[in-house]
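Chemist: Given next are the chains, with one letter for each unit.
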Amino acid sequence: MDILEIFTQYYDYFLRGTRTTILVAIVTVILGTVLGCAIALMRLSKIKLLKGFSRLYITVIRGTPMLVQLYIVYYQLNFISYPNGKIFGVALDRVIPCILALSMNSAAYIAEVIRSGIQAVDIGQTEAARSCGMNGAQAMRYIVLPQAVKNILPAIGNEFVTMVKETSIIQYLGISDLMYNNGIVITSTYNPLPCYYISAIIYLALNIILGKGLNIFEVRMKRSER
Amino acid sequence: MENSTEKNMEKNTEKNAILFEIEGLCKNFGDVKVLKNIDETIYKGDVMVVIGPSGSGKSTFIRCLNLLETPTAGTIVFEGKNITEKGYNLNFHRQKVGMVFQQFNLFNNLSVMENVTISLEKVKKIAPKDAREKAVTLLKRVGLAEKADAYPSQLSGGQKQRIAIARALAMEPDVMLFDEPTSALDPEMVGEVLQVIKNLAEEGITMVVVTHEMGFARKVASRVVFMDDGKILEEGTPEDIFEHPVHERTRDFLAKVIHVI
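Protein sequence lines correspond, in order, to chains A and B. Final position of the first sequence in the working numbering is 481; the numbers increase by one with none missing. Final position of the second sequence in the working numbering is 241; the numbers increase by one with none missing.
Derived by calculation from the structure, the hints in this document are not laboratory data. These numbers were taken from a predicted model, which means no experiment stands behind them. Errors might be hidden in some of the hints.
[To be verified] Restricting the straight-line Cα-Cα distance to at most 27 angstroms, the calculated cross-link-like pairs of lysine-lysine (DSS-like) are:
(1) B:K102 x A:K477
(2) A:K301 x B:K66
(3) B:K120 x A:K301
(4) B:K66 x A:K405
Chain B on its own, in the form it takes in the complex (with noise of 0.2 angstroms):
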């Protein structure tokens, strides 16, 4: 556990190609700037954390990601590809990209099962028996193999996530965007689902993860971002960020969500 940021910094040097170049990247929400001409970079096999305080355009930024909101200005090139030129095919895009949402937002119509294979079946439109028996083995991944039939009403939060991740993974994505994954979770619950987006770093996944937990950054990411107000303050390593922040409000931030020193 102590060496995967090392690993995963050995990762990040021995890459590779680019994923998402974003560019003057901008958000209003009527006349709330909230994201302010942001620049950056990801990388394959990345695990980039996203950290900072309330309100400074974290799940906005991660949004803009999969095109859930519609930047205001700037241009995100994925893979090559202008995403946000007009008319390009945002489900196409959507397919590689996968999202992991705060309030998990399992389909509450559909079973375990239906919500990872309907997808599979709908939009890639895979056989039904090839899609049950990928979700089976999404779900025995996630450790609720047992769970396939039940529904989202009789799952816990924990359980809920974890099917979350398992239907996005479904689609075979080529990057995961977690948004505070865990921020609506029971204490008790965090672990477990922490623990399944560990393994998938591990597992070389690159991801974008928005999260107030501090320790999952710290061992996990390969690198870590910190926003503030809108913008990327600054950036580097875990080591960087946690034990060296340059900027005042990042050692602010740092003081006031790290309890324990």
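Looking at chain A on its own, in the form it has when it is part of the complex (with noise of 0.2 angstroms):
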């Protein structure tokens, strides 16, 4: 029952820390996506220059700590004069660079998903729609990307998911996200457990509700093609 009890006392510093995880988890997704479909491409292109940039990308990504990503980013961008003020209560300084780490680092992995849901559409829709005299552009856009996004969705609603759960260490750049105020709760209250279970619930509510979103659009997306 401590649950209870120290959720119902707490609550206003669950609360605060939740809108900003949402927060900062829908701005990184969506700028994580335009990244994700930036590289894909470039990787998908027939200039070697991006193709390499692409791949090296993807490779340092994906092969160092996201919480290492996360400090270089920080320190190495510090020459940058970001916007001061604050959104819901955190500075603007502070969780802007924290938003580009957590996107550069989903753009790597949305990419392959991209990558490969596009490769994964049959070379003979790409070749039937040059046939009927489309640009490689518009065969992309109006023929392959349509039917690339049905192989895509359940991928990326997985890497979605991921980024709400992986921005919970924006707390290491003292972000009062739900994790630090979990944090503040626990040494004001000297008993983590319960603490940790309400994170843990509030964590898999938000992912539970994207789930049933992402789903609701796939059904729809098959739908439209029957």
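Put the two chains together into one complex, using the hints given.
Modeler: Printed below as a string of structure tokens:
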């Protein structure tokens, strides 16, 4: 019953932390997807330089811990003057590098998902589109991508869920997300276990909602093709 | 039906402008030489049927004609323009060359109607309403007007291939290329597709057909080309090839593929 007790007393901390977590997760997922698309297209491009860059990028990101990437981005980019101010009580000059690091990380994984999704579309589809006189971009936009999205969705959903959980590392830069506030409650109650349960339940709830949303989207995509 | 060969031959004699002028065409895949120095001329109104054993380069040859394969060497002149020249606008060339594939390759994300209209709208920039009108006419022509709202996954193989033909015709190409159009079909569906192609031939549409359907080649072709090992070994009227083949290889091949004599 400690769980209920602690939650009723400290719910404000948990909810404010959750708000930050959701905010960071949403921005990261969007930015990561956009960046991931760009990297995937580079990976598939015929230009050697772009191809090489994207390959290197993916190798480096996948081969180093995210926490290390977070610190490197934070310290390496400290020459940038981020806008001052706060959003939901979170300092922008602190949260922006976090979002950057998280997006750059997820972009590598999303790029691989997108690339494999595009490559899974039968080459005959592209050939048919090109044979009708479409240029490469048109074939990609009207024929290949719409089909690739269906291949991509389940795996990308997975990546989104991972991102929501991974946002928890931004506590190390002192951003008051769910895990950071979780720590504050622990230090004031000296009772860690119920706190972790509360946080676990909140993360789980977020991801169940996210999963449901993606499911609905997936079903709708399937229906459009029958 | 029996006299269509004659009819085509007439057409052949009263022609005509050169459509494709192919010289020294070579294609290598890595170290494998698939096409070896092919010279060939295709005239307007030709119904050229390409036969030969598998691996002889028939498909590669036909795919070179719309540059789905880039020739390793040689030139292809189409309507007086060298399309193998560097920087030639491929998309423009392909609008004039309709292609029908063995695996149909209908756009799976689009309905039958959209399959036919998409290139009209996006490539030729025709208004959606006009494109639809045109598509309806084409779908009627291949006997599938009632399937306009269906998706490819709901169609039989034969229906898919007929839609693919309608899609290629939509661009009003100067020549139609058929790459083994019936090889992936159940036997009972071969007839409906061949009938559509035969009708087109009789309307005077220029076409190059790679096929294993010898009966079709015999009846519909104005010219039969026998390919073996990346070369054109012999060519002539269906009668020449089927009744009096000159080469040993041709005789061999025909004996193997024509089971009932």
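Chemist: With reference to the structure, classify each hint as holding or not holding.
Modeler: Structure-based check of each hint:
{"no.": "1", "hint": "B:K102 x A:K477", "verdict": "holds, 25 angstroms"}
{"no.": "2", "hint": "A:K301 x B:K66", "verdict": "holds, 17 angstroms"}
{"no.": "3", "hint": "B:K120 x A:K301", "verdict": "violated, 41 angstroms"}
{"no.": "4", "hint": "B:K66 x A:K405", "verdict": "violated, 37 angstroms"}
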